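The primary structure of each chain is shown beneath.
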Amino acid sequence: MNIDPRLNIIKERLRDVRRVVAISGGKGGIGKSSVASIGALILSKSGYRVGLLDLDFWGPSLDTILGIENIFPREEKGIIPPEIFAIKFISIIYYAGERPLPLRGADISNAIVELLAITQWGSLDFLIIDMPPGMGDATLDIIRLVKKVEFLIVTTQSKVVLETVEKMLRMLKDLKVPILGIIENMKITNSPFVKDWAKKFDVSFLGEINFDKNLETSIGNVDKLLETNFAHSLKKIMRF
Amino acid sequence: MNIDPRLNIIKERLRDVRRVVAISGGKGGIGKSSVASIGALILSKSGYRVGLLDLDFWGPSLDTILGIENIFPREEKGIIPPEIFAIKFISIIYYAGERPLPLRGADISNAIVELLAITQWGSLDFLIIDMPPGMGDATLDIIRLVKKVEFLIVTTQSKVVLETVEKMLRMLKDLKVPILGIIENMKITNSPFVKDWAKKFDVSFLGEINFDKNLETSIGNVDKLLETNFAHSLKKIMRF
Amino acid sequence: MHEWALAQAVVYTAIEYQRKEKLREIVELEIKIGELQQIDREIFEFALKEIVQLKKMTGMRVRVEKEEAILKCRVCGYQWSFADSMKRLSGEQAEFIHFLPEVIHIHSRCPQCKSPDFEIVKGRGVKITAIKGIK
Amino acid sequence: MHEWALAQAVVYTAIEYQRKEKLREIVELEIKIGELQQIDREIFEFALKEIVQLKKMTGMRVRVEKEEAILKCRVCGYQWSFADSMKRLSGEQAEFIHFLPEVIHIHSRCPQCKSPDFEIVKGRGVKITAIKGIK
Ligand SMILES: Nc1ncnc2c1ncn2[C@@H]1O[C@H](COP(=O)(O)OP(=O)(O)O)[C@@H](O)[C@H]1O
Ligand SMILES: Nc1ncnc2c1ncn2[C@@H]1O[C@H](COP(=O)(O)OP(=O)(O)O)[C@@H](O)[C@H]1O
Ligand SMILES: [Mg+2]
Ligand SMILES: [Mg+2]
Ligand SMILES: [Mg+2]
Ligand SMILES: [Mg+2]
Ligand code: NI
Ligand code: NI
Ligand SMILES: [Zn+2]
Ligand SMILES: [Zn+2]
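Chains as they are written, first to last, in the numbering used here: chain W, 1 to 240; chain F, 1 to 240; chain H, 1 to 135; chain E, 1 to 135.
Think of the hints as simulated: they come from the structure by calculation, not from any bench. All values reported here derive from a predicted model rather than from experimental measurement. Ideal Cβ positions, reconstructed from N, Cα and C, are used throughout, including at glycine. Careful, some of the hints might be misleading.
As the list claims (entries may be wrong) - Quick list of the computed label-pair ranges, beta carbon to beta carbon:
hint : chain 1 : residue 1 : chain 2 : residue 2 : range
1    : F       : Ala86     : E       : Phe46     : 58 to 66 angstroms
2    : H       : Asp40     : F       : Lys187    : 51 to 59 angstroms
3    : W       : Arg74     : F       : Phe240    : 53 to 61 angstroms
4    : F       : Phe240    : W       : Gly67     : 37 to 45 angstroms
Said to hold, decoys possible - Lysine-lysine pairs mimicking DSS-like chemistry, simulated, CA-CA at most 25 angstroms apart:
hint : chain 1 : residue 1 : chain 2 : residue 2
5    : F       : Lys173    : H       : Lys114
6    : F       : Lys148    : H       : Lys72
7    : W       : Lys11     : H       : Lys55
8    : F       : Lys147    : E       : Lys20
9    : H       : Lys114    : E       : Lys20
10   : E       : Lys72     : H       : Lys20
11   : H       : Lys20     : E       : Lys49
12   : H       : Lys114    : F       : Lys148
13   : W       : Lys11     : H       : Lys20
14   : F       : Lys147    : H       : Lys72
15   : W       : Lys187    : F       : Lys213
16   : E       : Lys72     : F       : Lys11
17   : W       : Lys147    : H       : Lys114
18   : W       : Lys213    : F       : Lys195
19   : E       : Lys20     : W       : Lys176
20   : W       : Lys187    : F       : Lys159
21   : H       : Lys72     : F       : Lys176
22   : W       : Lys213    : F       : Lys159
23   : F       : Lys11     : H       : Lys72
24   : F       : Lys187    : W       : Lys224
25   : F       : Lys213    : W       : Lys159
26   : H       : Lys55     : W       : Lys77
27   : E       : Lys20     : H       : Lys72
28   : W       : Lys147    : E       : Lys114
29   : F       : Lys77     : E       : Lys49
30   : E       : Lys20     : F       : Lys148
31   : W       : Lys224    : F       : Lys224
32   : W       : Lys148    : H       : Lys20
33   : W       : Lys235    : F       : Lys159
34   : H       : Lys122    : E       : Lys55
35   : W       : Lys77     : H       : Lys22
36   : H       : Lys72     : F       : Lys173
37   : W       : Lys187    : W       : Lys199
38   : H       : Lys22     : W       : Lys11
The shape of chain W in the complex, shown without the other chains (with noise of 0.2 angstroms):
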């Protein structure tokens, strides 16, 4: 016999977080760990309990989008997520650093167990997940393991990357996983092709933000971010 205890707390680690929403769309550079990242200071500021988890293990970017460092979490019971901006924050970073973490799926898979089954959230709003790349073991692993999950899809209008989101979407879909509905991101022309195609698969629109060139330097400084295009056409996106 040989039980992962691990796989059954995990459950119980959520219990008091009423909605868990996976930032994805299967492609890298979209746009996911803005999204992410933005909006759970929107929420955030709004009031809402939120909870940000970074699974993006090669390449974790909430951090610096966000200004984050000199933060730990501590320990007890569990590892208690450090808050900054009022925001409850996990990310491998506290125990990579910025060096580089050359890890393998089940790796990566064994690493996500961990951090869901010790990490002690306490009572949320919202955890928002940013999302690695790609429909691999963290993306598998979170749609096994976290019953509650609805994921938001971001995309970009262009065509290599909507085929690849597109397959996301069908994979969610075919598994009945909740898809909370699709953003599109980096808009440079008035074009309603994605919000068009995003009626194929019976997914809401929920809206876009343009490119904004703004954005990259805002990086790093919350107050700057949150007076972007980027943030105010998200903010829209989620109704505040």
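Since chain W is already given, all that's left is putting chains F, H and E with the ligands on it; use the hints.
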């Protein structure tokens, strides 16, 4: 005893391939597949014998960028890559089509080993490998199995991209894997930041490709692709 | 102290097993704790006792055993024991591995070929290796 | 016909083993071919014979055995034999799995919970399970 015989034949399969170049960067959405596909076209047009291998199993896109359809390998003492634009092309799409392929790392690894073990590339000047994002199974397998591989790194000027690309560079340097150089893609300012940044790693900065709004409308059409500013810049970088 | 979270996982798993297998009582549990995670055995066993009480599983005897951590290189095939590399770790490095054993891939290398591409063959963390119950 | 490439891999591995272990001759090789890959055994054994001749390994007897393919669901734990799902595959689907067994994740699902997130426990492809040589 449990020996995987496939591992011992890979060197033989690549015996007559002069150079193997993996297009990588660790991050997604930075233009790896665009560089791989258009780069392969440029080499082929210049008279080199070129192979092209798409290892992004979650989001294969070389076929879409190059407009490749309705080809399939022949079977003869292995699989013989079909030729298109005088490029020998292998992709998971032959076996998976456009369907979502939810593979964990262990399966990715097994599929890569299989493709390397059964594909008869024959004599080539260049085998271009389009890598998925991350430093997971695909990257670790190519490093472990293809001793003569050289990495070509693509990046953009964004902070969040650079910190992830930096991790990849540090891992490659640490493992003494040859790095051909760095290409800065999607440039929108004149800033020499990336060029200076590259000096830190003692890696050659090969050149820049500007953000090209005509790239998207050329996708799927090889003649148009070769006329884009993207292709012209890439030609210069490759010294043609 | 995050040992408590893992001990709780163990007891919850026993309860779940009891429910699934429709057992009247669980009488014995065998646990292996992998060397890699460097779990504080005293704290872990203390937490186990506390949670067993709390969850009224007092008929359950828990046997905790250590499991040697074995690593195997995917590049050159070399196999070694974590105990060997352990000596070369700083206190901080050991602490990070304690929380997330996978970061071993940052701090250790194959002793033969220096690759970080090795497999944790066994001895990673906590697992349940036997459960005895009565119907 | 890509069986030839795999047979070649087997013989090359035997040669590499002989070199590494400094053996005078390899006398026996035991191979398991996993059901999942649906290798044409006749073609495979024919290719083996040809390559053994070519590489002058004629002292080597090769025993080829079939290995049942077992799949196990990571979501619900259910375990099943590929032979069961096989009947539901079209000729084209079976052919794709023949070339790249991992595409099974497109064409088969866990019979219990319908998940594509299952593990190929055994019986995937070709492996060498024993080599006997003389010094
Ligand atoms: N709307 C936007 N306008 C301009 N740049 C953007 C926008 N959204 C994202 N970016 C930039 O694109 C790059 C990728 O974004 P990121 O959020 O890291 O994507 P992902 O997490 O999907 O890889 C980053 O450099 C980010 O700053
Ligand atoms: N220089 C460029 N100018 C404009 N768009 C680009 C440029 N390079 C890449 N792209 C676009 O960016 C997106 C990601 O490119 P891709 O080559 O697929 O990146 P990766 O393979 O790194 O994920 C695609 O929509 C592609 O068309
Ligand atoms: Mg990201
Ligand atoms: Mg960072
Ligand atoms: Mg790509
Ligand atoms: Mg395609
Ligand atoms: Ni602890
Ligand atoms: Ni065949
Ligand atoms: Zn080694
Ligand atoms: Zn199942």
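Against the structure, the hints come out as follows:
Hint check: Ala86(F) to Phe46(E), Cβ distance near 34 angstroms, so the stated range 58 to 66 angstroms is violated. In this structure the hint that Asp40(H) and Lys187(F) lie 51 to 59 angstroms apart at CB holds, the actual value being about 52 angstroms. Distance hint check for Arg74(W) and Phe240(F): the Cβ-Cβ separation is about 58 angstroms, which falls inside the suggested range of 53 to 61 angstroms. A beta carbon spacing of about 43 angstroms between Phe240(F) and Gly67(W) agrees with the range 37 to 45 angstroms that was offered as a hint.
Among the hinted pairs, Lys173(F) with Lys114(H) is consistent with the structure: their alpha-carbon atoms are about 13 angstroms apart, no more than 25 angstroms. With a C-alpha separation of about 24 angstroms, the suggested pair Lys148(F) and Lys72(H) falls inside the 25 angstroms cut-off, and the hint holds. Only pairs whose Cα atoms come within 25 angstroms are accepted, and Lys11(W) paired with Lys55(H) is accepted, the gap being roughly 17 angstroms. Proposed proximity of Lys147(F) and Lys20(E) is supported: the alpha carbons are some 19 angstroms apart, at most 25 angstroms.
Of the pairs offered as hints, the one joining Lys114(H) and Lys20(E) holds, with about 21 angstroms between alpha carbons and a cut-off of 25 angstroms not exceeded. Proximity of Lys72(E) to Lys20(H) is assessed by CA-CA distance (about 19 angstroms); at most 25 angstroms being required, the pair is judged to hold. With a C-alpha separation of about 53 angstroms, the suggested pair Lys20(H) and Lys49(E) falls outside the 25 angstroms cut-off, and the hint is violated. Pair hint Lys114(H) plus Lys148(F) holds up; C-alpha atoms about 18 angstroms apart against a cutoff of 25 angstroms.
The suggested pairing of Lys11(W) with Lys20(H) holds, with an alpha-carbon distance near 17 angstroms, which does not exceed 25 angstroms. A hinted pair counts as satisfied when its Cα atoms are at most 25 angstroms apart, and Lys147(F) with Lys72(H) qualifies at roughly 20 angstroms. For the suggested pair Lys187(W) and Lys213(F), the alpha carbons sit about 12 angstroms apart, so the restraint of at most 25 angstroms is met. A distance of roughly 33 angstroms separates the Cα atoms of Lys72(E) and Lys11(F); the hinted pair therefore is violated under the 25 angstroms criterion.
Among the hinted pairs, Lys147(W) with Lys114(H) is inconsistent with the structure: their alpha-carbon atoms are about 40 angstroms apart, more than 25 angstroms. For the given pair, Lys213(W) sits about 21 angstroms from Lys195(F) by alpha-carbon distance, which is consistent with the 25 angstroms threshold. For a cut-off of 25 angstroms, the pair hint linking Lys20(E) to Lys176(W) is broken: about 52 angstroms separates their Cα positions. Taking the CA atoms of Lys187(W) and Lys159(F), the gap is near 21 angstroms; set against the 25 angstroms cutoff, the hint holds.
The straight-line distance between the Cα atoms of Lys72(H) and Lys176(F) is roughly 21 angstroms, inside the 25 angstroms bound, and the hint therefore holds. With a C-alpha separation of about 13 angstroms, the suggested pairing of Lys213(W) with Lys159(F) holds against the 25 angstroms cut-off. Under the criterion of a C-alpha separation no larger than 25 angstroms, the hint pairing Lys11(F) with Lys72(H) is consistent with the structure, at around 22 angstroms. Between Lys187(F) and Lys224(W) the alpha-carbon distance is near 23 angstroms, which keeps this suggested pair within the 25 angstroms criterion.
In summary, the hint linking Lys213(F) to Lys159(W) is supported, as the alpha carbons are separated by about 13 angstroms, within the 25 angstroms threshold. For the given pair, Lys55(H) sits about 16 angstroms from Lys77(W) by alpha-carbon distance, which is consistent with the 25 angstroms threshold. As the CA atoms of Lys20(E) and Lys72(H) are separated by approximately 19 angstroms, the hinted pair is consistent with the 25 angstroms bound. Proximity of Lys147(W) to Lys114(E) is assessed by CA-CA distance (about 15 angstroms); at most 25 angstroms being required, the pair is judged to hold.
Proximity of Lys77(F) to Lys49(E) is assessed by CA-CA distance (about 14 angstroms); at most 25 angstroms being required, the pair is judged to hold. For a cut-off of 25 angstroms, the pair hint linking Lys20(E) to Lys148(F) stands: about 22 angstroms separates their Cα positions. Taking the CA atoms of Lys224(W) and Lys224(F), the gap is near 40 angstroms; set against the 25 angstroms cutoff, the hint is violated. A distance of roughly 22 angstroms separates the Cα atoms of Lys148(W) and Lys20(H); the hinted pair therefore holds under the 25 angstroms criterion.
Proximity of Lys235(W) to Lys159(F) is assessed by CA-CA distance (about 24 angstroms); at most 25 angstroms being required, the pair is judged to hold. For the hint pairing Lys122(H) with Lys55(E), the CA-to-CA distance comes to about 39 angstroms; that exceeds 25 angstroms, so the pair is violated. The suggested pairing of Lys77(W) with Lys22(H) is violated, with an alpha-carbon distance near 30 angstroms, which exceeds 25 angstroms. Distance check on the hinted pair: Lys72(H) and Lys173(F) sit about 23 angstroms apart at the alpha-carbon level, within 25 angstroms; holds.
Restraint check for Lys187(W) and Lys199(W): satisfied, since their Cα atoms lie roughly 18 angstroms apart, inside the 25 angstroms limit. Restraint check: the Cα-Cα separation between Lys22(H) and Lys11(W) comes to about 21 angstroms, which is no more than 25 angstroms; the hinted pair holds.
When each numbered hint is compared with the structure, violations occur for hints 1, 11, 16, 17, 19, 31, 34, 35.
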